[in-house]
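2 protein chains.
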Amino acid sequence: MANLQAAPRFIRACKRLPVDRTPVWFMRQAGRYMKEYRELRKKYSILALAKTPELACEVTLQPIRAMPIDAAIIFADILLPIEPMGARLRFAPGPIIDNPVRSASDVKRLKNFEPREGLGFVLKAITLTRRELGATPLIGFAGAPFTLASYLIEGGPSDHFLKTKAFMLEQPKAWDALMRKVRAITADYLKAQVEAGAQAVQLFDSWVGCLSADQYRRCVLPHSRFVLAALKKSGVPVIHFGTGTAGFLEDFASAGGDVVGVDWRMDLDAAWKRIGPRAIQGNLDPTLLFAKKTVLKAAVKDILSRAGSRKGFIFNLGHGILPKTPVGNVEAVVDWVHERRLN
Amino acid sequence: MANLQAAPRFIRACKRLPVDRTPVWFMRQAGRYMKEYRELRKKYSILALAKTPELACEVTLQPIRAMPIDAAIIFADILLPIEPMGARLRFAPGPIIDNPVRSASDVKRLKNFEPREGLGFVLKAITLTRRELGATPLIGFAGAPFTLASYLIEGGPSDHFLKTKAFMLEQPKAWDALMRKVRAITADYLKAQVEAGAQAVQLFDSWVGCLSADQYRRCVLPHSRFVLAALKKSGVPVIHFGTGTAGFLEDFASAGGDVVGVDWRMDLDAAWKRIGPRAIQGNLDPTLLFAKKTVLKAAVKDILSRAGSRKGFIFNLGHGILPKTPVGNVEAVVDWVHERRLN
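Residue numbers (this note's numbering), protein chains in the order written: chain A, 1 to 343; chain B, 1001 to 1343.
The shape of chain A in the complex, shown without the other chains (with noise of 0.2 Å):
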């Protein structure tokens, strides 16, 4: 990335750099809504899929062919480290662990793995992909610590998050070794994602929003911290995504990601205000994607409109793109974010 005039505009507005047009990508670009992904679906797993490079590769793929979005993010699941560490893992069809972490002694079991090893299959995937993207960028991504420790201890679907918390809180010496363990390897599969060719990473921390402000200082924050620090010396912009941050947002920006992540629960600009000259990325309502195209297109509109023509923008939705989405009104939304010239 040496000429940043050259850059696509998602790169450059990482950097705060001026871009011509908003960039736009949306979170699970590469899912259930698109027909293409239904029908490769019908043949493998979501394990198989993420599991095959080629396969992979066409996942990532399928979104860019059909809308001219400006960055890719490669098909993977955050889950997928755990299973070199040690967990056993399947899909029911949500994410079951069967042996849980539970005790100090769990953490113990846990493994520490090569990236290359453990997951050279996402990685011989984004060597892959990149090489069919041509211009655009690819963007690779991981689970933060507190997301994955939180699937490792609840080890299947949770309201409360009752067990990560009680983990957390009462035993403290074997969460911080359980966070030491998940951030280094989080830390390693993400700097190996940028020698693979990932231009850009994302560290999704979506359970976050479970926490209590000062939970989240004393037992997150410090391991988010380390990723993004350790990802700092790999040269590409990092983005900390995360949902339910409104009421800690001073305290997850200073994590420290390039570009900060937020949801729809607050407006963009209230947002900014609070993280400061930062780079910042969402936040549709996902579930506006099922609207009609006028009161999609206001709600675009409104968004890019408390953007301004500040420097740092990337739209995109506050969570994922759900599984019965029209996808004409997904392209809508990148032909109307497009649609404005900044420069």
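Any given hint could be a false lead.
In silico DMTMM-like pairs for lysine to aspartate or glutamate, Cα to Cα no more than 20 Å straight-line [claimed, not checked]:
#1 B:Lys1301 x A:Glu170
#2 A:Lys293 x B:Glu1170
#3 B:Lys1042 x B:Asp1077
#4 B:Lys1273 x A:Asp214
#5 A:Lys292 x A:Asp269
#6 A:Lys297 x B:Asp1251
#7 B:Lys1292 x A:Asp214
#8 A:Lys293 x B:Asp1077
#9 A:Lys324 x B:Glu1170
#10 B:Lys1301 x A:Asp214
#11 A:Lys324 x B:Asp1159
#12 A:Lys301 x B:Glu1170
#13 A:Lys292 x B:Asp1077
#14 A:Lys292 x B:Asp1176
#15 B:Lys1324 x A:Asp176
#16 B:Lys1297 x A:Asp214
#17 B:Lys1292 x A:Asp98
#18 B:Lys1273 x A:Asp251
#19 B:Lys1324 x A:Asp159
#20 B:Lys1297 x A:Glu170
#21 A:Lys301 x B:Asp1214
#22 B:Lys1293 x A:Asp214
#23 A:Lys273 x B:Asp1251
#24 B:Lys1311 x B:Asp1020
#25 A:Lys273 x B:Glu1036
#26 B:Lys1292 x A:Asp176
#27 A:Lys292 x B:Glu1170
#28 B:Lys1273 x A:Glu250
#29 A:Lys43 x A:Glu54
Source of the hints: derived by calculation from the structure; they are not laboratory data.
Here the structure of chain A is known, so what remains is to put chain B in place on it, guided by the hints.
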């Protein structure tokens, strides 16, 4: 309430008057975590308990007998008003509405009703309980218009409130008509509760956290404001409670409750700064009641220290007590809150 000097500390705190100790009560303090409640539930359904004034009174008194809590809250369900409106409600075990609201004509068929006729059993339970309670003040309550409307539209459990948001955004006239019906019923119902003996009321906007700030301001706020304004004339304090409101707390507070209820996702002092000179209720993470006493006590102390010596603080959880919560921890919280002398 002519002589506020003699008023209980809960009522005084609602009015931001000096108190000797911080008042404390818990949402869902009458419920499954208590053995006495589970015993009654073996014999009676939730609806049977709520619809039999003597049983509702008994359940309301259970936690008051067990602990020196500063307020009782009448045992009822926020969905009770939808039955006399014409919705068919059952619990299986979560609430199911067999004839949900999906169109303008569905809204038209919803009936207004006289609280004394449609919900006389709640009013009788309030009068009866008030007589039994002695000095402990009794809180009445209702679901806020959005939360009630979302149940009417979804008709059952919902992850993303897709149907509610589609209705709200795509059928704005029908939504407005629905919210006007629900808000009028809610205001009448709460006024009737005050006439029956409730010394304070709480408006529960439990699901409002699924909304964007813009959706909240345009589609919900005016209707919550209507209910809160209608109650002003009743002379009793009104608590306005929501969860997930950190993204639009200023808007939420502008609806006009005397007391603003906040969940655990933000620091109490930060929330208080945002809402200005107003009483505040909250904000312990309900999952902390499962933690060991040292951890729980530290969290209680943190909240009390963030409240400081400011007038107008009511200690509560950020949401309701969860089913398997250990009773001893609830009792301990009451004691720790009361340990601290304020005057």
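Comparing the hints with the structure gives:
no. : hint                  : verdict
1   : B:Lys1301 x A:Glu170  : holds (17 Å)
2   : A:Lys293 x B:Glu1170  : holds (10 Å)
3   : B:Lys1042 x B:Asp1077 : holds (18 Å)
4   : B:Lys1273 x A:Asp214  : holds (17 Å)
5   : A:Lys292 x A:Asp269   : violated (25 Å)
6   : A:Lys297 x B:Asp1251  : violated (24 Å)
7   : B:Lys1292 x A:Asp214  : holds (17 Å)
8   : A:Lys293 x B:Asp1077  : violated (38 Å)
9   : A:Lys324 x B:Glu1170  : holds (18 Å)
10  : B:Lys1301 x A:Asp214  : holds (12 Å)
11  : A:Lys324 x B:Asp1159  : holds (14 Å)
12  : A:Lys301 x B:Glu1170  : holds (17 Å)
13  : A:Lys292 x B:Asp1077  : violated (35 Å)
14  : A:Lys292 x B:Asp1176  : holds (18 Å)
15  : B:Lys1324 x A:Asp176  : violated (27 Å)
16  : B:Lys1297 x A:Asp214  : holds (14 Å)
17  : B:Lys1292 x A:Asp98   : violated (27 Å)
18  : B:Lys1273 x A:Asp251  : holds (17 Å)
19  : B:Lys1324 x A:Asp159  : holds (14 Å)
20  : B:Lys1297 x A:Glu170  : holds (13 Å)
21  : A:Lys301 x B:Asp1214  : holds (12 Å)
22  : B:Lys1293 x A:Asp214  : holds (17 Å)
23  : A:Lys273 x B:Asp1251  : holds (17 Å)
24  : B:Lys1311 x B:Asp1020 : holds (11 Å)
25  : A:Lys273 x B:Glu1036  : violated (50 Å)
26  : B:Lys1292 x A:Asp176  : holds (18 Å)
27  : A:Lys292 x B:Glu1170  : holds (7 Å)
28  : B:Lys1273 x A:Glu250  : holds (15 Å)
29  : A:Lys43 x A:Glu54     : holds (14 Å)
Going down the numbered hints, you'll see the structure goes against 5, 6, 8, 13, 15, 17 and 25, while the others check out.
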